[in-house]
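Between the sequences and the hints, there should be enough to build the whole structure, so can you do that?
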Amino acid sequence: LSVWGQLNLQEGMSTIMELMNYFHDYMMIILVLIMTFVTYLFIFVITSPRLDKYTVDSRILETVWTIVPMVILLFMAFPSLYLLYLMEDVSNPNLMVKVVGHQWYWEYQYSNSWFNYGFDSYMVYEKSDSPLFHSLDVDNRLVLPTNANILFLVTSADVLHSWAVPTLGIKTDAIPGRLNYLSTMTPYSGVYYGQCSEICGSNHSFMPIVLEFIPMANYL
Amino acid sequence: MASPDLIFKAVNETANKQDLSRYDQNVCLDIHRKLDSKLKEQDLSIAEKSVFARNNFAVMNKWEQVFPAGITECLREYFRERAIWAPKFDPRFPNQNQAKNCFVNYVDYQRCIKLKGQDYKDCEYFKQAAASLCPNQWLEKFDEEIESNAFPVDI
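Here the protein sequences line up with chains X and A, keeping their order.
With this note's numbering applied, the first sequence corresponds to residues 3 to 222, in that order.
With this note's numbering applied, the second sequence corresponds to residues 661 to 815, in that order.
I should point out that these hints are in silico values taken from the structure, not numbers from a laboratory.
Check each hint, because a few of them may be wrong.
Mimicking PhoX-like on lysine-lysine, the simulated pairs with C-alpha atoms at most 25 angstroms apart in a straight line are [as the list claims (entries may be wrong)]:
(1) A:Lys748 with X:Lys173
(2) A:Lys760 with X:Lys173
(3) A:Lys748 with A:Lys694
(4) A:Lys781 with A:Lys698
(5) A:Lys787 with A:Lys774
(6) A:Lys748 with A:Lys722
Reference excerpt, derived from the structure (chain X facing chain A, CB under 7 angstroms, subset only) [claimed, not checked]:
(7) Val92
(8) Met218
(9) Asn220
A quick note: this is a predicted structure, and the numbers were derived from the prediction, not measured.
We put the CB at the ideal spot given by N, CA and C, even for glycine.
So, in structure tokens, the structure goes:
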């Protein structure tokens, strides 16, 4: 859930999102260091009386400022590629849930070998003093088990939508005629919010997504 | 329909005179294999196996009173894994768009029941895979097209 004035990413609740948060922090350190160094050089060049104005070339300097960024880039590339390939994991899912986007609500369908249950999830229009979150809560939440590899199959019945839950690090476009898949796994119980992320008409801002994760024992 | 006797037989055949109050990986795997083979002998469908696992998971507290702790944990794990079924990763469709996966499973199901008859057990895999993958609206549309002879592929 994002709060007012939030600047950082939401806390990672799925395995992939936690790794993405760590990667983001790691990259941010490198980038801040580079920015600090460049800012210092900039100020030094402008203000320092000891600046050497008569240097025309320096082979050593050119070598150093090629090798050092190359090394920095290598340090950035390895975790990035590692995470990228990890996200494409093809582990066998435990549960498949179909998500169909409509104007302007989401429809969830659980189809298992022994039951087939679908329901619509509309935003709740409540007055400001209600305990529910304004423009984020829905009447029927999608209830899912923890510690299960869940595969979401997202499509749309009319126009483009996008199904996103930032806490889990998942987002995929809901395109009519296409069935996009998303894989996630979370060990944490809780209620996670998301919103439609592709403009889809007048009520685009009013079709939120709410996932409720409960332990597998209670789920079954 | 599977009966609880299977579980008793499977456990008694595998777990020998060991310390069963602790969870033992090897004994547990043996029990899983034994249960799998016994269920296979019963020739249950996918739905029936899931229901069997789910029902046993739901009464796990009763099983706790019967078996020692190590075995109970093993059984709980077994039932939890099998209570919900989903088709395995299909390497013919590794990319993000799974629409073709849904369609191909549906077509395979229709061809299977046309060739082998409605009651043929092995067609059930395709039916379950299509039901898991395809949104209900698509399935209804496909069914209507088949009835009105407008389905895009020859069955």
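Hint status (Cβ of Met218 (chain X) to nearest Cβ of chain A, threshold 7 angstroms): holds (6 angstroms)
Run the distance test for Lys787 (chain A) versus Lys774 (chain A): straight-line Cα separation, threshold 25 angstroms. Satisfied, since the Cα-Cα distance of roughly 13 angstroms is no more than 25 angstroms.
Hey, Lys748 (chain A) versus Lys694 (chain A), does the alpha-carbon distance stay inside 25 angstroms? Within the cut-off at roughly 22 angstroms; holds.
Take the C-alpha atoms of Lys748 (chain A) and Lys173 (chain X), compute the straight-line distance between them, and say whether it is at most 25 angstroms. Judged against 25 angstroms, a Cα distance of about 22 angstroms means the pair holds.
Has the given pair, Lys748 (chain A) with Lys722 (chain A), been kept, meaning a C-alpha gap of at most 25 angstroms? Judged against 25 angstroms, a Cα distance of about 32 angstroms means the pair is violated.
Going straight from one Cα to the other, do Lys781 (chain A) and Lys698 (chain A) come out at no more than 25 angstroms? holds (18 angstroms)
Holds or violated: are the alpha carbons of Lys760 (chain A) and Lys173 (chain X) at most 25 angstroms from each other? holds (21 angstroms)
Can we keep the Asn220 (chain X) interface hint, with Cβ of chain A closer than 7 angstroms? Where the cut-off is 7 angstroms and the nearest Cβ of chain A is about 11 angstroms from Asn220 (chain X), the hint is violated.
Mind checking the CB of Val92 (chain X) against every CB in chain A and telling me if the closest is under 7 angstroms? Where the cut-off is 7 angstroms and the nearest Cβ of chain A is about 5 angstroms from Val92 (chain X), the hint holds.
Taken one by one, the earlier hints fail for this structure at numbers 6, 9, listed in ascending order.
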